[in-house]
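Enquirer: Sequence:
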Amino acid sequence: MGRCFQGWGIRGCAVAADKGAQEEALDAIAPVLSKKALGSGCSAVYWIIACVLVLAGCDRKPATRELPPEAKTGQPVNRTAVPPVYVDIAEQSGLDFVHVVRSGSVDGAIANILDSDGAGGAILDFDGDGQMDVYLVNSGVPQPLSGDPKECSRRSNRLYRNLGNGRFEDVTEKAGVPGHGFGVTAAAADYDNDGDTDLFVVNFDGYILYENLGNGTFRDVTERAGITAKKTGISATFFDMDNDGFLDLFVANYLVFDPAIKPPPGSGVPYAGPLFYQAELNILYRNNGDGTFRDVSDQAGILVPGHRAMSVAPLDFDLDGDTDLYVSNDGTPNLLFVNDGKGKFKEEGFLRGVAYNQFGAAEGSMAATVGDCNGDGLPDMFVTRFGVPSLYINGPGSVFEDRGAAAGVGKLTSGLTSWGGNFVDFDNDGVLDLFIANGDAHFMKGMRPLLLQNDGRGSFKDAAAIAGPFFSQMANGRGSGVVDFDNDGRLDIVISRLGGPAVLLHNSAQTQNHWLKLHLEGTRSNRDGFGALVKVQAGGRTLTAECRCPTTYVFQSDPRLHFGLGSNSKIERVEIRWPSGQTQVLTDVQPDTILRVREPGESQRNAAATEFQRTHPDSELMTEDQKQGTT
Numbered sequence: 094m095g096r097c098f099q100g101w102g103i104r105g106c107a108v109a110a111d112k113g114a115q116e117e118a119l120d121a122i123a124p125v126l127s128k129k130a131l132g133s134g135c136s137a138v139y140w141i142i143a144c145v146l147v148l149a150g151c152d153r154k155p156a157t158r159e160l161p162p163e164a165k166t167g168q169p170v171n172r173t174a175v176p177p178v179y180v181d182i183a184e185q186s187g188l189d190f191v192h193v194v195r196s197g198s199v200d201g202a203i204a205n206i207l208d209s210d211g212a213g214g215a216i217l218d219f220d221g222d223g224q225m226d227v228y229l230v231n232s233g234v235p236q237p238l239s240g241d242p243k244e245c246s247r248r249s250n251r252l253y254r255n256l257g258n259g260r261f262e263d264v265t266e267k268a269g270v271p272g273h274g275f276g277v278t279a280a281a282a283d284y285d286n287d288g289d290t291d292l293f294v295v296n297f298d299g300y301i302l303y304e305n306l307g308n309g310t311f312r313d314v315t316e317r318a319g320i321t322a323k324k325t326g327i328s329a330t331f332f333d334m335d336n337d338g339f340l341d342l343f344v345a346n347y348l349v350f351d352p353a354i355k356p357p358p359g360s361g362v363p364y365a366g367p368l369f370y371q372a373e374l375n376i377l378y379r380n381n382g383d384g385t386f387r388d389v390s391d392q393a394g395i396l397v398p399g400h401r402a403m404s405v406a407p408l409d410f411d412l413d414g415d416t417d418l419y420v421s422n423d424g425t426p427n428l429l430f431v432n433d434g435k436g437k438f439k440e441e442g443f444l445r446g447v448a449y450n451q452f453g454a455a456e457g458s459m460a461a462t463v464g465d466c467n468g469d470g471l472p473d474m475f476v477t478r479f480g481v482p483s484l485y486i487n488g489p490g491s492v493f494e495d496r497g498a499a500a501g502v503g504k505l506t507s508g509l510t511s512w513g514g515n516f517v518d519f520d521n522d523g524v525l526d527l528f529i530a531n532g533d534a535h536f537m538k539g540m541r542p543l544l545l546q547n548d549g550r551g552s553f554k555d556a557a558a559i560a561g562p563f564f565s566q567m568a569n570g571r572g573s574g575v576v577d578f579d580n581d582g583r584l585d586i587v588i589s590r591l592g593g594p595a596v597l598l599h600n601s602a603q604t605q606n607h608w609l610k611l612h613l614e615g616t617r618s619n620r621d622g623f624g625a626l627v628k629v630q631a632g633g634r635t636l637t638a639e640c641r642c643p644t645t646y647v648f649q650s651d652p653r654l655h656f657g658l659g660s661n662s663k664i665e666r667v668e669i670r671w672p673s674g675q676t677q678v679l680t681d682v683q684p685d686t687i688l689r690v691r692e693p694g695e696s697q698r699n700a701a702a703t704e705f706q707r708t709h710p711d712s713e714l715m716t717e718d719q720k721q722g723t724t
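Per this note's numbering, residue 94 is the first one in the sequence shown, and the count goes up by one each step.
Certain hints may be false.
Pairs of lysine to aspartate or glutamate residues, derived as EDC-like cross-links and limited to a Cα-Cα distance of at most 20 Å, are as follows [claimed, not checked]:
(1) 663 with 681
(2) 610 with 681
(3) 437 with 337
(4) 437 with 388
Derived by calculation from the structure, the hints in this document are not laboratory data. Predicted model, so just to flag it, every value in this text is computed and none were measured.
The whole structure should be built from the sequences, with the hints applied where relevant.
Expert: What follows is the structure, given as structure tokens:
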């Protein structure tokens, strides 16, 4: 959580004295001026400096901020969605999960920093039926956080099986994945390459690795797999660090919690901020290929002390064929670990322009969502924060520029604390829009969520007028995941709320735009195809996306690749660069379909022989022409 603001000093002088720049600067330093930030350990000196800079300026001309290049669409953007786009159907669908937090009530104070972080979950297809299931994590109360163990009994995590008819069934007990401890999030992937998706659960008091047995049940293999650390975990992601065909595991850890630490007297906040606590080190587990992992954090170069991680996101930001890692931190600079392809990483967050926001501040970052938001073929990042979020646009030399203010995001998010954030093409026009889950960090108070529409020319606007009734509610949001749960080609959203029921936003946008969804299956590469780069050519446009473990703040989204095609009804070419190095080209591809694409070549896992299969699992919410078919 961005409960501290650092790094103003020299970089603060970039604030101009003109009115527009002052407004941007005021948005940027809002956490500094608030009692909340000061109560989290920020020096009053920063407060004074910030005020002087905003009111007086530094006698410099305002910096020119170029808008992101216009998306190369080759045609006008087709926006035909009519209201409401999203409707919450959690209750009628059977997604009856309620997150429990031990502290606070309506408008009540949150007792400690760990309670404030909330919990999320993961989207996965655990039974391989083509329907995306939902695993949601609950927060318990381990002894160190409560003087009275009876203060709150732990409610289990929940696994909801997608029945394919618009409803979910709770199969937690049958599947054997109730979890234990103080739950935060989960990551899902086929770590043992046996053809089914396994589950890794992150707790504030350790981790759980559930192996999928392929019969609808899981077993706890944490100890046997060698994942024995008992750290305060907060995020995790699977990726293949050396492209050996086996998924490795990065765990982001937060801080060493001490209930004796209290906020400064008179701070006006109910708990001490992150910088009062000792930082935890992150862990990188290398997959041995036999169902076990070993800790290679030190030799891999990812041990950077003094940071309290909030999340980790995998991405190949420089498109060199190996997966890098971006770690968002609470109150200290964010980290970008550049992969050398040989199992070694070098931290280059500052050099690549993603350690600070555009005002030079190391705010409390929550998480990054990754996607090509300007259509130039390079992965960009949107980072949620306690203060002003950043829209990092990837540019020449793989150096990013924060264009959040120029894109209008800074103004639209002013006064909000953003947690979950997702690129989501909600209207399938081929440009990535933004969903942002907001909520108060210190009190049980909600904030309005945001759906920001990308105009395809580098700017975003608030789409509340068409988004639906949920976007006028004051939800205390935390995690959020994008999923097409009914396989109709329109992207839905699952949202976790602090101390409240989960939300399932069903996308009902009435648009004639087309789409394509890819489910990759590696053979020489890891079974999930994580690390594959996909380019889809349709109607003179090229859409680019990387298959990755799509982790954001305490949530993992649908791992399938989704491409909005706009009005284009013809796909000329699909090109896939697999992590193994081979390139696969598909030309006989129809729009408005879900393709399961198998990597060419012999598999060590005895995968199915067909090169690719078009799948459309049945759903009562589908129209007849969307029913199942194969090629």
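Enquirer: Against each hint, give a clear statement of whether it holds in the structure.
Expert: Verification of the supplied hints:
1. Taking the CA atoms of residue 663 and residue 681, the gap is near 10 Å; set against the 20 Å cutoff, the hint holds.
2. As the CA atoms of residue 610 and residue 681 are separated by approximately 14 Å, the hinted pair is consistent with the 20 Å bound.
3. Simply put, residue 437 and residue 337 have alpha-carbon atoms about 14 Å apart, close enough for the 20 Å limit, and the pair holds.
4. For the hint linking residue 437 to residue 388, the alpha-carbon distance of about 13 Å falls within 20 Å, and the restraint holds.
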